[in-house]
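Novice: Residues per chain, in single letters:
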Amino acid sequence: MGGAVIARSPTQEALQRLRRDRMAVAGAMLLFCAALVSVLAPVLAPQDPTQTNLAQRLAPIGTPGYPLGSDELGRDILSRLIWGGRVSLLVGFGAVIVAMGFGVIVGLMAGYFGGWLDSVIMRLIDVLMAFPAILLAIAIVASLGPGLRNAMLAISIVGIPYYARIIRGSVLSLRELEFIQAARIIGAPDLRILTRHVLPNCLSPLIVAATLDVGWMIMAAAGLSFLGLGAQPPTAEWGVMLSAGRQFIRIAPHLSVLPGAAILLVVLALNFLGDGLRDALDPRLRQ
Amino acid sequence: MLKRTCFLSGLVVVALVLLACAAPVAPPAAPAPAQPTPTAAVSEGGTIIVGLQAEPTTLDSQQISDYNSHRAAYGIYDHLLRFKDESTEVEPGLAESWEISSDGLVYTLHLRQGVKFHDGTDFNAEAVKFNLERQIDPNHPYHDTGEFPYAEFTWGMVKQVDVVDDYTVQITLKERFAPFLNHLAMHPAAMASPTAIQQYGRDFSIHPVGTGPFKFVSWTPGVEVVLEKNPDYWRGAPKIDRVIYRPIIEDQARLTELEAGGVNFIVNIPPDELARLKQDPRFTVVEQPGMHTWWLAFNHLKAPFNDKRVRQAMNYAVNKQAIVDNILKDTGILAINPLPPVVWSYTDEVTRFDYNPEKARQLLAEAGYPDGFSCTLWVPESGSGMQQPVLMSTAIQADLKAVGVDCKIEIFEWGIYLDKVIVPPEEAEYDLFAMSWIGDNGDPDNHLYILLSGDQWPPHGYNMGFYKNEEADALMREARVTLDRAKRTELYTKVQKLIVDDAPWIIIDHETQIVVMDRKIKGFKLHPTGPFRFENVWME
Amino acid sequence: MLSLIPVLIGVTLLVFLVMQLAPGDPAQIMLGPKATETAVAQLRHELGLDQPLLVQYGRWLIHIVQGNWGRSIQLKREILPFLLGRFGNSAYLMLFATLLACSVGVPAGILSAVKQYSVGDRVAMVLVLIGFSTPIFWLGIILQILFGLVFGILPVSGLQSPGRADLGDLIVHLILPSLTLTTGATAIIARMTRSSMLEVIRQDYIRTARSKGLSERSVISRHALKNALIPVVTVVGMQVGYLLGGDVLVEIVFSYPGIGLAMVNGILARDFPLVQGAILLVASSYVLVNLVVDIVYAYLDPRIHYE
Numbered sequence: 001m002g003g004a005v006i007a008r009s010p011t012q013e014a015l016q017r018l019r020r021d022r023m024a025v026a027g028a029m030l031l032f033c034a035a036l037v038s039v040l041a042p043v044l045a046p047q048d049p050t051q052t053n054l055a056q057r058l059a060p061i062g063t064p065g066y067p068l069g070s071d072e073l074g075r076d077i078l079s080r081l082i083w084g085g086r087v088s089l090l091v092g093f094g095a096v097i098v099a100m101g102f103g104v105i106v107g108l109m110a111g112y113f114g115g116w117l118d119s120v121i122m123r124l125i126d127v128l129m130a131f132p133a134i135l136l137a138i139a140i141v142a143s144l145g146p147g148l149r150n151a152m153l154a155i156s157i158v159g160i161p162y163y164a165r166i167i168r169g170s171v172l173s174l175r176e177l178e179f180i181q182a183a184r185i186i187g188a189p190d191l192r193i194l195t196r197h198v199l200p201n202c203l204s205p206l207i208v209a210a211t212l213d214v215g216w217m218i219m220a221a222a223g224l225s226f227l228g229l230g231a232q233p234p235t236a237e238w239g240v241m242l243s244a245g246r247q248f249i250r251i252a253p254h255l256s257v258l259p260g261a262a263i264l265l266v267v268l269a270l271n272f273l274g275d276g277l278r279d280a281l282d283p284r285l286r287q
Numbered sequence: 001m002l003k004r005t006c007f008l009s010g011l012v013v014v015a016l017v018l019l020a021c022a023a024p025v026a027p028p029a030a031p032a033p034a035q036p037t038p039t040a041a042v043s044e045g046g047t048i049i050v051g052l053q054a055e056p057t058t059l060d061s062q063q064i065s066d067y068n069s070h071r072a073a074y075g076i077y078d079h080l081l082r083f084k085d086e087s088t089e090v091e092p093g094l095a096e097s098w099e100i101s102s103d104g105l106v107y108t109l110h111l112r113q114g115v116k117f118h119d120g121t122d123f124n125a126e127a128v129k130f131n132l133e134r135q136i137d138p139n140h141p142y143h144d145t146g147e148f149p150y151a152e153f154t155w156g157m158v159k160q161v162d163v164v165d166d167y168t169v170q171i172t173l174k175e176r177f178a179p180f181l182n183h184l185a186m187h188p189a190a191m192a193s194p195t196a197i198q199q200y201g202r203d204f205s206i207h208p209v210g211t212g213p214f215k216f217v218s219w220t221p222g223v224e225v226v227l228e229k230n231p232d233y234w235r236g237a238p239k240i241d242r243v244i245y246r247p248i249i250e251d252q253a254r255l256t257e258l259e260a261g262g263v264n265f266i267v268n269i270p271p272d273e274l275a276r277l278k279q280d281p282r283f284t285v286v287e288q289p290g291m292h293t294w295w296l297a298f299n300h301l302k303a304p305f306n307d308k309r310v311r312q313a314m315n316y317a318v319n320k321q322a323i324v325d326n327i328l329k330d331t332g333i334l335a336i337n338p339l340p341p342v343v344w345s346y347t348d349e350v351t352r353f354d355y356n357p358e359k360a361r362q363l364l365a366e367a368g369y370p371d372g373f374s375c376t377l378w379v380p381e382s383g384s385g386m387q388q389p390v391l392m393s394t395a396i397q398a399d400l401k402a403v404g405v406d407c408k409i410e411i412f413e414w415g416i417y418l419d420k421v422i423v424p425p426e427e428a429e430y431d432l433f434a435m436s437w438i439g440d441n442g443d444p445d446n447h448l449y450i451l452l453s454g455d456q457w458p459p460h461g462y463n464m465g466f467y468k469n470e471e472a473d474a475l476m477r478e479a480r481v482t483l484d485r486a487k488r489t490e491l492y493t494k495v496q497k498l499i500v501d502d503a504p505w506i507i508i509d510h511e512t513q514i515v516v517m518d519r520k521i522k523g524f525k526l527h528p529t530g531p532f533r534f535e536n537v538w539m540e
Numbered sequence: 001m002l003s004l005i006p007v008l009i010g011v012t013l014l015v016f017l018v019m020q021l022a023p024g025d026p027a028q029i030m031l032g033p034k035a036t037e038t039a040v041a042q043l044r045h046e047l048g049l050d051q052p053l054l055v056q057y058g059r060w061l062i063h064i065v066q067g068n069w070g071r072s073i074q075l076k077r078e079i080l081p082f083l084l085g086r087f088g089n090s091a092y093l094m095l096f097a098t099l100l101a102c103s104v105g106v107p108a109g110i111l112s113a114v115k116q117y118s119v120g121d122r123v124a125m126v127l128v129l130i131g132f133s134t135p136i137f138w139l140g141i142i143l144q145i146l147f148g149l150v151f152g153i154l155p156v157s158g159l160q161s162p163g164r165a166d167l168g169d170l171i172v173h174l175i176l177p178s179l180t181l182t183t184g185a186t187a188i189i190a191r192m193t194r195s196s197m198l199e200v201i202r203q204d205y206i207r208t209a210r211s212k213g214l215s216e217r218s219v220i221s222r223h224a225l226k227n228a229l230i231p232v233v234t235v236v237g238m239q240v241g242y243l244l245g246g247d248v249l250v251e252i253v254f255s256y257p258g259i260g261l262a263m264v265n266g267i268l269a270r271d272f273p274l275v276q277g278a279i280l281l282v283a284s285s286y287v288l289v290n291l292v293v294d295i296v297y298a299y300l301d302p303r304i305h306y307e
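Protein chains in written order, with the working numbering: chain H, 1 to 287; chain X, 1 to 540; chain F, 1 to 307.
Calculated directly from the structure, the hints in this document are not laboratory data.
Accuracy of the hints is not assured; some may be wrong.
Listed next, the stretches of chain F that the computed footprint assigns to chain H, with coverage defined by at least 3 CB atoms under 8 Å from CB atoms of chain H [said to hold, decoys possible]:
no. : stretch
1   : 9 to 21
2   : 138 to 150
3   : 248 to 260
4   : 283 to 289
If you want the footprint, here are the derived chain X segments under chain F, 3+ residues with CB under 8 Å [stated by the list, open to error]:
no. : stretch
5   : 56 to 69
6   : 148 to 157
7   : 273 to 282
8   : 354 to 362
Idealized CB from N, CA, C, for every residue including glycine.
Isolated chain H (complex conformation) (with noise of 0.2 Å):
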């Protein structure tokens, strides 16, 4: 890759590199499509998601006025899944953020000031890692009431342990860099170390991660959604949709195959572009 004649940021190279990858473009691509129907719902879908229709239930796919068919209570699956959309992927990216929060919270606290401190903190990652994600995730349902806000802060509660671990390795090997220890001897505000040198340098790896965990938490909501703690009817969810749609799936196929196929296009695409990023911002994988 010698030869670049004008000196660009890494970030600039990075995306160069991206922009090579099919595979990462394709995702990046679909992901794009599946945002923006998203936020388009409204105008997008042609009918009311919640509207129902008791004598057109089950209408397969190319039903006049159904293009998709009709779901268990003759609903428009079209709109269901244009709506549904909005919601998962809402949902995943929303409990990838929250999870993020405070595992990056907590491992900068953790790696930075090292100590009584990183053992009081590690040992609490280790307790939540040794509960039984989904099971942690369900306790935590039962106990706050089930529906989609309760069920996205389990999901990213069993997530916060991911990230801490990550943001902790990069700081323990950051922490005795030249840079840091300068800023540290010059009497820089920890708080001020961190936000401006430590977190910044932290950046790539956790962009990978969460790329590739927003597919894990909506596969994680659906999961939920399965066992009747994730979205509260009459609200499209790809999940809700998939785990209802199960019981008719050998008279109506559709009902479920269709939030399937979605569910996994979606979280394909984000381990697409996960990758893609995580090459791009690695360069020493490439040959």
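Add chains X and F to chain H, keeping to what the hints say.
Specialist: Chains X and F alone, transformed into the frame defined by chain H:
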């Protein structure tokens, strides 16, 4: 590649070490009983494998509080009296005959002689006294061998139990109680071996011994409960060799197992599959109207639900017929009355609330809500007798929205749900909630008085919406202590008319009990109280 | 090893508090809707649920130390033998699923790495990703219909056929649930093997081995593999630890009597002693598996030493 092999075998070692500390998966297979010589008309032998919805929690009939346990345990025991086939009229059971004193307080039971429990213990009057007192007397030495959720309901009116002679027992009541004979046929009246209870203590729950047509063989948790026929059964040995109960949680998986041959008898059929199964020559579909009602209850202590016009309006707004026809299909029938049609004294001459959104809007306007209002609707995620609560409630929600009543659904799991809806008036938070009831003893009292009388507001009973109608209350109280059936029927007919016109609930349906089984299983009849009677069944 | 104890206390204390905060009364749930208030109060007293929280937890802890795991509120039986049985069932599934995941994931990862950017590499990696991105309960139901009904060759639920308890029958019952479970693990193992292999084959000693004229096959299997497998061991260990906790969704779909299902039922019934015991068992096994992983690590990488 050597290293990799080592790595993998290392993994196997780890796993084996972990396995070594675990118990074996299955008990040794019990030897099949010797094949008896077939008799003339019906063939003998065969195994019925029942796919249940969930794992039983106990096989001690007196401790049962759920359907799956009731079904799995039923064949092990006999009861003092017995419900006739397909009916809730009683007939002799372990008690051959009985007399009721003229004041209606003393029940004298004459017991069948020569009956033995599966462990060889004699069944006699002492055993009856032991079984009843174990449940109701906190000072009984074996009272702490279990929890008895139905004891208060079934035996709460019993003052004392006396042994008259070896085969005669007297039960004295505190007050007259019309349905008492039926209680002698309910599951807490199943007779368990006193010797076995003394021997196993709390573990009697997993080592049940009764006098019934089937003996307990084994219970592998999560896998199966195995019963085998009792060749010495006093009514005559059953024709099939074994009954096995398997928990299969998912409705679709249970159906797939039936079609794949893993089980030959299943419950809870997905309604949309029923039509297809009825056409399928491999299976027989057995149906029986159940003693069941599904409804939404209003909180009568809260505005606007204390206004009869609002309650009636919401009744007109919901297209119950469409819910029954399209969602429940043949698994339920339209309900117009809190009392199921199979229970005696039922009348259909009550106020009807057929679907009429126009009238609903008009009534709402008269009540001062021309633009409707908002409320919350509580729904359990699933639950005994709740059918498809979320689906049904979502359909109701959409209907109510069409007349301006905007309900927000909140779903709870069954355990929390019961805790939140069975509360005294001062703690009630709900507006509207879904509930269902499966009758226990086949008496109208068990539906009307317990669920809708002003005396039965929680914590005293199950009138969870706090409905009260003084006139109906007085009639129901009278019917409870009247022993004459004709007089009681008259009283309950009046009660039904009064209550239905008040629209205390939005009543949706009465569930039909349905099982689908292998066509080779013959002679099976469903019973309205829920359990399966296999003693007269044979396999071709 | 000593760090085990605070983690286990933390885990059980956490589950205890979460469960206690949850609304719902085990006595009420157990007795059902038709029980009277007095009966519920009586049972609460018998179960010790009217005691202060810390007293309840302390009492439980003392009993555990004495080897008394107590009785399940809901299932009316001794907890320890019940849980060990369930744990054993989950262990069978874990073993089968892990073997399956390793035997597909590791070779796929190696081949992908050796032929980086080839069509085969791309296809393999996309395939494992598709497996990874498929909602697990949905896949389970589809496999049931496909193999149980359409082809009619595999049982679709449970652990054994009625009246049978032999190994063959058990294995047949394990196939579908493990297949469903492994999609995720296979993807993670394959990807980890690939990236770790890629890193290793760029190292100097591999270059040296190649320049000595060794065959590519021998370079990969003799020199690269052992080192490349080190991070894979961690991933496999994490999967084993996770699977020992039982995957609830798969256990529900296949009515498989594993420990995950027992725990979820316990949580829903507020069966405190059962859930506590199950969590204790699962968390201990998780910690133990991590310990084993560390030992395997040390074996594979002589640079690591433990005091």
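Novice: Using a Cβ cutoff of 8 Å, are there at least 3 residues of the stretch 283 to 289 of chain F near chain H, or does the coverage claim fail?
Specialist: The restraint on the stretch 283 to 289 of chain F holds, since 3 of its residues have a Cβ under 8 Å from chain H and three suffice.
Novice: Given that the stretch 248 to 260 of chain F was listed as covered by chain H, double-check it with a C-beta distance under 8 Å for 3 or more residues.
Specialist: Since 4 is at least three, the answer is holds.
Novice: Count the residues of the stretch 354 to 362 of chain X whose CB lies closer than 8 Å to any CB of chain F, then report whether that count reaches three.
Specialist: Answer violated; 0 residues pass the 8 Å Cβ test.
Novice: Would you check chain F against the stretch 56 to 69 of chain X, counting CB to CB pairs closer than 8 Å, and say if three or more residues qualify?
Specialist: Since three or more residues must qualify, the claim that chain F covers the stretch 56 to 69 of chain X holds, with 6 doing so at under 8 Å.
Novice: Has the stretch 148 to 157 of chain X got at least three residues whose CB is nearer than 8 Å to a CB belonging to chain F?
Specialist: Result for this restraint: holds, n = 7.
Novice: Are 3 or more residues of the stretch 9 to 21 of chain F near chain H, judged by a Cβ distance of less than 8 Å?
Specialist: holds (count 7)
Novice: With a cut-off of 8 Å between beta carbons, are at least three residues of the stretch 138 to 150 of chain F near chain H?
Specialist: Three-residue rule met by the stretch 138 to 150 of chain F, so holds; n is 4.
Novice: Would you check chain F against the stretch 273 to 282 of chain X, counting CB to CB pairs closer than 8 Å, and say if three or more residues qualify?
Specialist: Violated - the stretch 273 to 282 of chain X has 0 residues with a Cβ nearer than 8 Å to chain F, which falls short of three.
Going down the numbered hints, you'll see the structure goes against 7 and 8, while the others check out.
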